[in-house]
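Using the hints, position chain B against chain A.
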Amino acid sequence: MHKPAIHVRNLRKGFHKRNGFRKKSEFWAIDDVSFQVMPGETYGLLGPNGSGKSSLIRVLSTLLIADSGYVRLLDFTLPEHAEEVRRIIGRVSVDAAFYKKLSARENLLYTALLYGQKAREAERRVMEILEQLGMEDTKFSTPLEHMSRGMQQKISIARALMINPPLLLLDEPTTGLDPKSRRDVQSFLEDLQSREGTTILLTTHDMAEAERLCARIGFLAHGKLVAEGTAEQLKQRAAAATLDDAFIKLTGEELVEDPEEMALVED
Amino acid sequence: MEAVMRQTWAFLFRGYHITRRYIGWVIVFNFYALVTSATVALIGVAEKNYQLTLTLIVGALLWNYLSRLYEEIAMSIAYERWEGTLEYTFMAPVSRAVHLLGVSLFSLLNSIVTSVIVLLGLMLFTNLTLRGANLFGVFVVLAVSTVAFVGLGLFAAVFPVMSAERGAEATHIFQGSLLLVSGVYYPIDVLPGWLQPLSAISPATYTLSACRKLFGVANENSTAEHLAGAPLSAVSHELLVLALMGAIILPLGLFVFVRIEAWAKKTGKLKRTG
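So the protein sequences, as listed, match chains A and B. Note that the numbering used here numbers the first sequence so that position 204 is 201, with each residue one more than the last. Convert by adding 2 to the 1-based position in the second sequence; the result is the number in the numbering used here.
What the hints contain is simulated information worked out from the structure, not anything from laboratory work. None of the values given here were measured: they were computed from a predicted structure.
In silico lysine to any residue, SDA-like type, Cα no more than 25 angstroms apart, as pairs:
hint : chain 1 : residue 1 : chain 2 : residue 2
1    : A       : K136      : B       : Y24
2    : A       : K14       : B       : G86
3    : B       : K268      : A       : H78
4    : A       : K97       : B       : S165
5    : A       : K97       : B       : K273
6    : B       : K268      : A       : R83
7    : B       : K268      : A       : R69
8    : A       : K21       : B       : K273
9    : A       : K136      : B       : G17
10   : B       : K50       : B       : L132
11   : A       : K221      : A       : P76
12   : B       : K271      : B       : L256
13   : A       : K221      : A       : A236
14   : A       : K0        : A       : F73
15   : B       : K273      : A       : W25
16   : A       : K14       : B       : E171
17   : A       : K221      : A       : I245
18   : A       : K136      : B       : L14
19   : A       : K221      : A       : S31
20   : B       : K273      : A       : R83
21   : B       : K271      : A       : N7
22   : A       : K98       : B       : F33
23   : A       : K97       : B       : H101
24   : B       : K271      : A       : G11
25   : B       : K273      : A       : R146
Chain A with its partners taken away, still in its complex shape:
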C-alpha cells in the first residue's frame, strides 16, 4: 500500500471579518477537512464560491498557515517544512499572475532562475511543454498583456511544470477559457497524468471537467468536505443522474462560475 502523496487531516482555517466598528466575527474557511490523494492520482475538489477551495490550495502552497490539523505533501509536513514543499509543488491559479509587460520567455526564465535552474535547460523544457499545449513558439517573445487568457493560462501551466514537480496544484485552471483552450488544457493534463504519473489536486466549477480528469472527487461547501468518492459513487449516493444533481443534493448548493463574485468571496 502506497503512502498518500497528499494527506490532509482535520484541517481548520478561520478568518476574522470586521462587521462595523470594533465588531469582529470569525468564520471557518476550512472546517475540519480530511482527505488523501494517492501518488499519480488526480483528485478534484468541487465547491461553490467561498467554499474554501482556494484557501485549501493556498495552505498546500505554503501561502497560508492553518490554525490546526495535519498536512503532509510527500514526505514533508506543513508548516514545518515549507521550504522543502515549495520545491515539490507546481501551482496554477485561476488568474495567470505574470509580469504582463514581460514576454512569456522572460517570465518563464525568471521563474527558472528563481528555482535555481539553468536557464537553457528550463527553456528547452518549456518549449516542449508549450508545443504539447498547442502553442506556436513565435508567441514566446510576445508580452503577456498581448496574449489571450487561454494562452496566458497555457504559459502558466508551462511555468508550473517547468520545475518538474511531482505534485501539481491546479486552482480552477480552466475558468474563463474559451472551449478550445479548455479542451487543450484538459487533454494536456490527461496526457501528463498518464505519461509522468504526476499527482494532481484540481479545484474546478466544471462538473464535466471533474468527471473527465479526476479519479476521485470531493464536494466542498462552507469549508466542509461533505462527500467524497468517484463520480459514479457520488451519483449513486445522491441517487442522481448527473454529477451536477449529486452536488446539489449532497451540498444543498449550486455551483456558480462568476469570476467577479469569486474574487470578492476569496478576498
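Relative to chain A, chain B alone:
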C-alpha cells in the same frame, strides 16, 4: 551556492526587463528627478551664493540616491501586488534573505544610474566643479550608509505586506518624514524643537553631514573653482554612527520582514491582489 547565485540573478534579470519595458516611465522619472534637483540648486545660483548652491546640490544629489534606494526596496512588495505576482514569488523556494538581496542589488543599480544622471544634469545647470572634493570619501560614506538605507527599505517593505490597501501609502509617509527631518536642504536646527530629536535617528542626517564636509561645504577655503573637501578622518563620527545604524537596522529589518511574513500567512494577508 550556484543555485543561490541564480536566484539572486533572477531579481536583477526581472528588474532589467521590467525597466526595459517601462523605459518611457523610467525616462520620465529620471527627468523629473533632474528637473526638481536643478530647480532647487538654482535657488542658490539666483542668490549668487556658491556655498548655498553647493549645499543644495549635495542635498539634491544624495537625496536622489538614498530615496530611490529606499523607495525601490520599500515598494518592491507593493509592485508585486500590483502585478499580481506576489504569491508566486513567496511560494518559490528562495530564502527571504536572497530574495531581498536580489531586490536590493537592483535598487542599488537603479539609484546609482539616477544619481549619475542628476549629477551630470546639475553640472549643466550650474557651474559645479568637483575639483578638490574628497570623492573617495563620499564613495565610502555612501557605501556605509547604503547598508542602513537598505535596512530602512526592508522595514518599510513590510507595510505593503501588512496592508494591501494602505501599505504603499505608509512607505511614502515614512519617506517624506525622512526628507523633512534629515536636513536635506536646510540645517536641522531650523526645525521646530520637537522635531529635532528625530533628525538624530535618521541615517540620512549623518550621510548628508559627512558628505557636505567631504565636498567642502561651509569650508572657508572652498571657492567656486576649487573645493576644499575634508579628509575622511574628519567624518569618522558620522561614519561610526552610520556603520552602527547599518549593523542594527539591516538585520533588524530582515528579522521584522520575516516575522511579518509569518503573520501575514496566518492572517491571510499575503494575497496576490490589493
